[in-house]
Amino acid sequence: KLHSDLDKGVGTVKYTLSGDGAGTVFTIDETTGDIHAIRSLDREEKPFYTLRAQAVDVETKKPLEPESEFIIKVQDINDNEPKFLDGPYVASVPEMSPVGAYVLQVKATDADDPTYGNSARVVYSILQGQPYFSIDPKTGVIRTALPNMDREVKEQYQVLIQAKDMGGQLGGLAGTTTVNITLTDVNDNPPRFPKSIFHLKVPETSHVGSAIGRIRAVDPDFGKNAEIEYNIVPGDGGNLFDIMTDEYTQEGVIKLKKPLDFETKKAYTFKVEASNLHLDHRFHSVGPFKDTATVKINVLDMDEPPVFSKPVYTMEVYEDTPLGTIIGAVTAQDLDAGSSSVRYFMDWKNDVDSYFTIDATEGTIATNELLDRESTAQYNFSIIASKVSNPLLTSKVNVIINVLDVNEFPPEISVPYETSVCENAKPGQVIQTITATDKDLSPAGQRFSFKLSSEASNKPNFTVHDYRNNTAGIETRRNGYSRRQQELYFLPIVIEDSSYPVQSSTNTLTIRVCRCDSDGTIQSCNVEAIFLPVGLSTGALIAILLCIVILLVIVVLYVALRRQKKKDTLMTSKEDIRDNVIHYDDEGGGEEDTQAFDIGALRNPKVIEDNKIRRDIKPDTLRFTRHRPPAEDNTDIRDFINQRLKENDVDPSAPPYDSLATYAYEGNGSVAESLSSIDSLTTEADQDYDYLSDWGPRFKILADMFGEESYSPDKVT
1 KLHSDLDKGV GTVKYTLSGD GAGTVFTIDE TTGDIHAIRS LDREEKPFYT
51 LRAQAVDVET KKPLEPESEF IIKVQDINDN EPKFLDGPYV ASVPEMSPVG
101 AYVLQVKATD ADDPTYGNSA RVVYSILQGQ PYFSIDPKTG VIRTALPNMD
151 REVKEQYQVL IQAKDMGGQL GGLAGTTTVN ITLTDVNDNP PRFPKSIFHL
201 KVPETSHVGS AIGRIRAVDP DFGKNAEIEY NIVPGDGGNL FDIMTDEYTQ
251 EGVIKLKKPL DFETKKAYTF KVEASNLHLD HRFHSVGPFK DTATVKINVL
301 DMDEPPVFSK PVYTMEVYED TPLGTIIGAV TAQDLDAGSS SVRYFMDWKN
351 DVDSYFTIDA TEGTIATNEL LDRESTAQYN FSIIASKVSN PLLTSKVNVI
401 INVLDVNEFP PEISVPYETS VCENAKPGQV IQTITATDKD LSPAGQRFSF
451 KLSSEASNKP NFTVHDYRNN TAGIETRRNG YSRRQQELYF LPIVIEDSSY
501 PVQSSTNTLT IRVCRCDSDG TIQSCNVEAI FLPVGLSTGA LIAILLCIVI
551 LLVIVVLYVA LRRQKKKDTL MTSKEDIRDN VIHYDDEGGG EEDTQAFDIG
601 ALRNPKVIED NKIRRDIKPD TLRFTRHRPP AEDNTDIRDF INQRLKENDV
651 DPSAPPYDSL ATYAYEGNGS VAESLSSIDS LTTEADQDYD YLSDWGPRFK
701 ILADMFGEES YSPDKVT
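Per the working numbering, the sequence shown runs over residues 1 to 717.
Incorrect hints may have been included.
With a straight-line Cα cutoff of 30 Å, these simulated BS3-like cross-link-like pairs (lysine-lysine) come out [said to hold, decoys possible]:
id	residue 1	residue 2
1	271	224
2	255	224
3	271	255
4	154	195
5	154	290
6	201	271
The following label-pair restraints were derived from C-beta to C-beta distances [claimed, not checked]:
id	residue 1	residue 2	range
7	169	23	34 to 42 Å
8	552	506	46 to 54 Å
9	107	169	17 to 25 Å
It should be emphasised that the hints constitute simulated quantities derived from the structure, not laboratory data. This one's a predicted model, so the numbers in the text were calculated from it and none came from an experiment. The beta-carbon is built from N, C-alpha and C at its ideal position, and this holds for glycine as well.
Kindly produce the complete structure, drawing on both the sequences and the hints.
Written as structure tokens, this is what we have:
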């Protein structure tokens, strides 16, 4: 209630209200000044309000007093229950935990004023979940209340927690929440087999490494605490089997380590132990965390293929063994109760298998072709055995045949077949060490012997020294060798082996004489190097020879060109109409030869060349220049000849054109000697010309002229 001292109660004063909640939460009577709440108040929403009040004159609207401020405080009452803002809760605690083990702390919040009364004082209690858990009424900490809670018995717990204000007194408000508690696993349980004996049936044809059965031990624990390791306890039959853990099902998978045979053993018994991998030392007192069970395996009889007596057969045969010779046998048996017969045949894969045959009933292997160790030293093929009662059941075995060597090849000298000796070699000097090779397969201790052949043992040039370790040395027997006398020596060496029968061969070693320095280093082994200057290399010698050959070729070409030029100068051209000298390579045809001179050349004066120099003679002095008047067409031959005659008469360097005959020399060696009548001591009458008929057809006319008619001086004209 507001009241001003200036208010006389006559209605001249008006009261106004402003501030928090004025007009909405609070209102004032303008005449009396009474303040009223127009709606309910909530302390938790707004604990106090600040208002301003003023008294105003009704008529003048002027304030009668200054504005005054006052606070309205909302008094708390217990109208809010405690609330768990984080609920519901989830917690876990290991199983087998002791009493009082911490689980979780819960907290409830009360919106009432904690400073006024007990409205905000909260007390915790368990409504559901006893006697397993307890809670501290003041702090809200939840703990275990029973010892040895077993997860395998009960894993999940739901606890109902209550929080009540007013200190838990009657009339207080309460709130609840749920706490879900899970017991986590610990390895407190060993694995246990559900039964003590496991029976398994396994066919004898089961493959090695295959799974033949499964057993399982039960562990109520969870996760890694339930992981089990299985082991076979050493004992009867345990070495034929193995066991491993299936990581998904935790089962023990039994596998076969060795093949089974019903005819050999029909049943096996062994023990299997199951144990945990991860142990908890807190529970060792409970007992051993492992269990044992017995496994009995019965082998089932199956129809099996034949079994060979050996996994691999190895045989030997000499390379000269005749065809059809038995070199060995393979054996396979049917171990089943029926004991069927066995048939053998070769597994043909390539042509090599054709070298041998096998008897289908006995299994004996014989040669089918001639064997050569040097071609193939070992044969490897397969033999297949099948049951007569069931041919589909087969087994295979490898057969290795080694071809033994027969001493059929003589030893030979190893490379090199050529060696050298220095010209300045001394007697007893070893110039080469040789070894031998043998195409035959030499057995251990094979020895080779070396010696000179009988025809070379008497020569005083070289000798062979056998070192008796399959090597020999070539030694000199002379004091120095000369390349000029003999460049190559051929040394026949006889090599024998120690096998039976003894084989030997004669090998020729070529020894070349070389020029060496004082240290024995070879400088040259060529024959040409004997005659060449010392100090020139092979390249320099080749260059010198090439230069000499080129010079010789140039000289030969130059001489040939000069001869050709001289021949062309002496040869008279057929087109030179000035000359009447005809050159023949053979003897003339006599008076009847009308083809020796072509008179038609004289009828063509245009072919005359100006200033043509004679080629058949060499002028002694300078030739005067002659001017030839051009000849007209159809000029008389006589005028032309006269004109040429005059030209030659005034030319002192040319002989008479139409009367000159040049003879280089008179022929000799003729049977008839000279035919000339010059200097003849006898007359024609004294001559006997009958021999002319013996000279052949070329002298037939002369023989007719002088042989048949007698000489008469009256007939001479």
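Range agreement (Cβ of residue 23 with Cβ of residue 169, hint 34 to 42 Å): Given range 34 to 42 Å: holds, Cβ gap about 41 Å.
Residue 154 paired with residue 290 [C-alpha distance capped at 30 Å]: 24 Å, holds
Restraint status (C-alpha distance of residue 154 to residue 195 at most 30 Å): Holds, at roughly 26 Å.
Restraint status (C-alpha distance of residue 271 to residue 255 at most 30 Å): Given that 30 Å is the threshold and the Cα spacing comes to 14 Å, the pair holds.
Proposed proximity, residue 224 with residue 255 (alpha carbon, max 30 Å): Holds: residue 255 and residue 224 sit about 24 Å apart, inside 30 Å.
Pair hint outcome, residue 271 versus residue 224 [Cα-Cα no greater than 30 Å]: 25 Å, holds
Pairwise hint evaluation, residue 271 against residue 201, where the allowed Cα distance is 30 Å at most: 16 Å, holds
Residue 552 paired with residue 506, Cβ distance criterion 46 to 54 Å: Distance hint for residue 552, residue 506 holds at roughly 48 Å.
Cβ separation of residue 107 and residue 169, checked against the hinted range 17 to 25 Å: 21 Å, holds
Checked against the numbered hints above, the structure breaks none of them.
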